[in-house]
Amino acid sequence: MNVLRVSKWTIAAFVLPCLLLYVGLVFVPILVSLYSGLLDWNGIGESKFIGLQNFKTLLFDDPVFWPSVKRTLMFAVFSMAEIPIALFVAILLNRFIKRPNFLVSTYFLPVILSVVIVGQLWKTIYNPAAMGGMLNQVLDMLNLHSWTKSWLTDPKIAMYALYFVALWQYLGYHTLIQFTGIQNIPSDIYEAARIDGAEGLKADWHITFPMNIPIFKISIVLAFIGSLQAFDMIMVMTAGGPAHATDVISTHMYNMSFLSMKYGYGSAIAAFLVVLCLIATVIINLVFNRLEKKFT
Amino acid sequence: MNSTLGVASVKPAAVTRDRKRFSVVKTLVLILLSVLAVTQVYPLLWLLIYSLKNNEEILSGKFFALPASPQWKNFTDAIQAGHYFQYLKNSLFVTTVTMLGVLLLSSLAAFAISRFRWKYGQAVMVIFLIGMMIPMQATLLPLMIIFKNLSILNTHLSIILPYIAFQTPIAVFILSGFMRSIPNEIEESAVMDGASIMRIFRSIILPISIPPMMTVCILTFINIWNEYIMAATFISSERLKTLPFGVNSFVSQYSVNYGAIGAFLVLGALPVILIYFLLADKITKGMVAGAVKG
Chain A
1 MNVLRVSKWT IAAFVLPCLL LYVGLVFVPI LVSLYSGLLD WNGIGESKFI GLQNFKTLLF
61 DDPVFWPSVK RTLMFAVFSM AEIPIALFVA ILLNRFIKRP NFLVSTYFLP VILSVVIVGQ
121 LWKTIYNPAA MGGMLNQVLD MLNLHSWTKS WLTDPKIAMY ALYFVALWQY LGYHTLIQFT
181 GIQNIPSDIY EAARIDGAEG LKADWHITFP MNIPIFKISI VLAFIGSLQA FDMIMVMTAG
241 GPAHATDVIS THMYNMSFLS MKYGYGSAIA AFLVVLCLIA TVIINLVFNR LEKKFT
Chain B
1 MNSTLGVASV KPAAVTRDRK RFSVVKTLVL ILLSVLAVTQ VYPLLWLLIY SLKNNEEILS
61 GKFFALPASP QWKNFTDAIQ AGHYFQYLKN SLFVTTVTML GVLLLSSLAA FAISRFRWKY
121 GQAVMVIFLI GMMIPMQATL LPLMIIFKNL SILNTHLSII LPYIAFQTPI AVFILSGFMR
181 SIPNEIEESA VMDGASIMRI FRSIILPISI PPMMTVCILT FINIWNEYIM AATFISSERL
241 KTLPFGVNSF VSQYSVNYGA IGAFLVLGAL PVILIYFLLA DKITKGMVAG AVKG
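Chains as they are written, first to last, in the working numbering: chain A, 1 to 296; chain B, 1 to 294.
No lab work stands behind these hints, which were simulated from the structure alone. None of the hints are false.
Looking from chain B toward chain A, a few residues come up when the C-beta cut is under 7 Å (computed):
{"hint": "1", "residue": "Ala37"}
{"hint": "2", "residue": "Ser106"}
{"hint": "3", "residue": "Ala269"}
{"hint": "4", "residue": "Val272"}
Cut-off 30 Å, straight-line C-alpha distance, at most; resulting in silico cross-link-like pairs (DSSO-like, lysine-lysine):
{"hint": "5", "chain 1": "A", "residue 1": "Lys56", "chain 2": "A", "residue 2": "Lys70"}
{"hint": "6", "chain 1": "A", "residue 1": "Lys156", "chain 2": "A", "residue 2": "Lys262"}
{"hint": "7", "chain 1": "B", "residue 1": "Lys119", "chain 2": "A", "residue 2": "Lys8"}
{"hint": "8", "chain 1": "A", "residue 1": "Lys98", "chain 2": "B", "residue 2": "Lys285"}
{"hint": "9", "chain 1": "A", "residue 1": "Lys202", "chain 2": "A", "residue 2": "Lys217"}
{"hint": "10", "chain 1": "B", "residue 1": "Lys282", "chain 2": "A", "residue 2": "Lys217"}
{"hint": "11", "chain 1": "A", "residue 1": "Lys262", "chain 2": "A", "residue 2": "Lys70"}
{"hint": "12", "chain 1": "B", "residue 1": "Lys62", "chain 2": "A", "residue 2": "Lys149"}
{"hint": "13", "chain 1": "B", "residue 1": "Lys62", "chain 2": "A", "residue 2": "Lys156"}
{"hint": "14", "chain 1": "B", "residue 1": "Lys26", "chain 2": "B", "residue 2": "Lys285"}
{"hint": "15", "chain 1": "B", "residue 1": "Lys285", "chain 2": "A", "residue 2": "Lys217"}
Just so you know, these numbers come straight off a predicted model, no measurement behind them. Even for Gly, the Cβ is constructed at its ideal location relative to N, Cα and C.
Let the sequences and hints guide you as you build the complete structure.
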C-alpha cells in the first residue's frame, strides 16, 4: 500500500509537468488528427468540413491505399515469422555455447544502428554492380548474371528487398529477447524433465515453449506494432517508390500530407493507422491471455 | 543425445557413439551460429572497407579485395563537405537535453504514481500505457501545425519536446515498476523524522533508483540518437540537423563520390558503435527491458 499522504498540490506538482507535456504532444495531436480527417484542407488556406468524405475516398476510391495496407500486413507477417527462427537460435545458443554473450552482442549490433545508417548501407549493397553494389557483384562473381537485379527500382522485387533489411536488422533483437526468456526458466525444471526422460527437442516442446509464452507476446507485439509503424526505413530507402510499389500505410500518409499537401486526407490515413494499432494491440493481448491460461 | 543418462552405466560403446554424435551436432551448430554472426556483421565490415577505397576500386567488382592504399581522403572529404562535427554536436545536445528532461519528469511522475496515496494513480498510469501504442508518425502533421503556430518550427526545441513526450511512457513504466518495490518502512521512518516529500524523493528514492534510471538513459539514448523522421520533418536549417538527418542528406546529395559516402556512413555509425563496445551488456539488458512495453 502506498504510504505517503500528501496534498493535492503536491501530487499536481509531481505529476502534471510530465502528464501535461505528454498529453499535449501525444494525445492532443492524435485528436487533432482525427478531427482533421474530416476536413478538406491543404494545411494553409481555408478548411472545409466534409464529414466522412475522406474516409469514403480512402476506403473505396484510392488505388494506392489497399495495396499499401496489404504490404503493411505482409510486413507484420514476415516480422512475426522471424520469431520462431530467433527462438531456435536462442535455444541453440543456450544449449551449445558456453559463453554466449559475445555471440548475442554480435547479433544485436545492427539493432542499435540508426535506420538511416542501415537503410543507406543496404541501398549501397543493393546498387547495380556498375555502381559498386555488393549483392550484384557477388552474383556476378558466382556467374549468376541472370540473377542480378536493380533490387530497389524493380517494382516486383523492391518490397521484398525492404522486408529483408528489416528482418536483418531485427533478428538480433528477437534472438536476445527469446534468449533472455530461456535463461529465466529455472534449470531444475529441465532436470526434472530429464529424469522423466525428456531431453533436447522434446524438453523444448514441453517446457521451453509453454514457459516462454509471455516472452513470445513481447516479441509479437514488438514485431507487429513495429511493422504497422514501419516507416523511417522505407522513407530512407525508397520513399514508397517506384510508382507506389513500396508504399505502406504510413508512407502513404506522409506522402499525401507533406508532398501532395492533402492535410485532411493524410489525417484520415493517420486516424486509420492509429485505430489499426489499437485494435491489433487488443487482439494480441486477448489471444495471449487465452494462450497463457491454456498452458500455465 | 536423447538417452545419454539412461544408458551411461551399462553400455560404454553407446556413450562414445552418443558423444561423437553430440560433437557432430555441436560442430554443425557452431557453423550455423557463426554463419549467422557473419551475415549480421559482414555488411558493416564491407562498408568499412568500401569507405577506404577509391571509386575505381569500388566499381571494379572485387568487393572482397582490400584497398591498395587506404583512402583516408574519403574521411577528410566527408568531414569537410558534410559538417560532420556540427551534426555530432547537435545530436549530443538534443540527446542530452532529452535524457535530462525524460529523467526529471518521469521520475517525478513515477514517484507520485507508485508512492502517493491518491485515487487516480492507476488511471494516470493507464493514460501513459495507452500512449505506448500510438504510432509516432500519426502525430507528425498535427505537431508540425502546432509548432508552426508556436513559431518554434526549425528549432531544436521542436524536436526535443516531442522526443521527451514520446519517451516518458516507457520511462514512467520502468521507474514506477521499480519504485513500487521499495519497502515502505524506509519512507515511514523518514516521515517520522520529519523529512519533507521533496527530501524523501531526493535523498532516498532517487539514489535507490539509479539502476532503472540507467535503463531509461540507455533506451532514450538509442531511440533519440538514431531518430530520423521527426528531425527531418521539423528541422530544415543545415546548422541544426542531427546526425542521422545530416548523414541522410549528405548521402543523397553526394551521389558520385562513393568512397566519401561510405566514409560518412561509417562516421555516422561510429559513435553508437563505440558506446556499444563499452556498454554492450548494459545496452542489451536495457533494450530488453524496453521491449516489455507490450
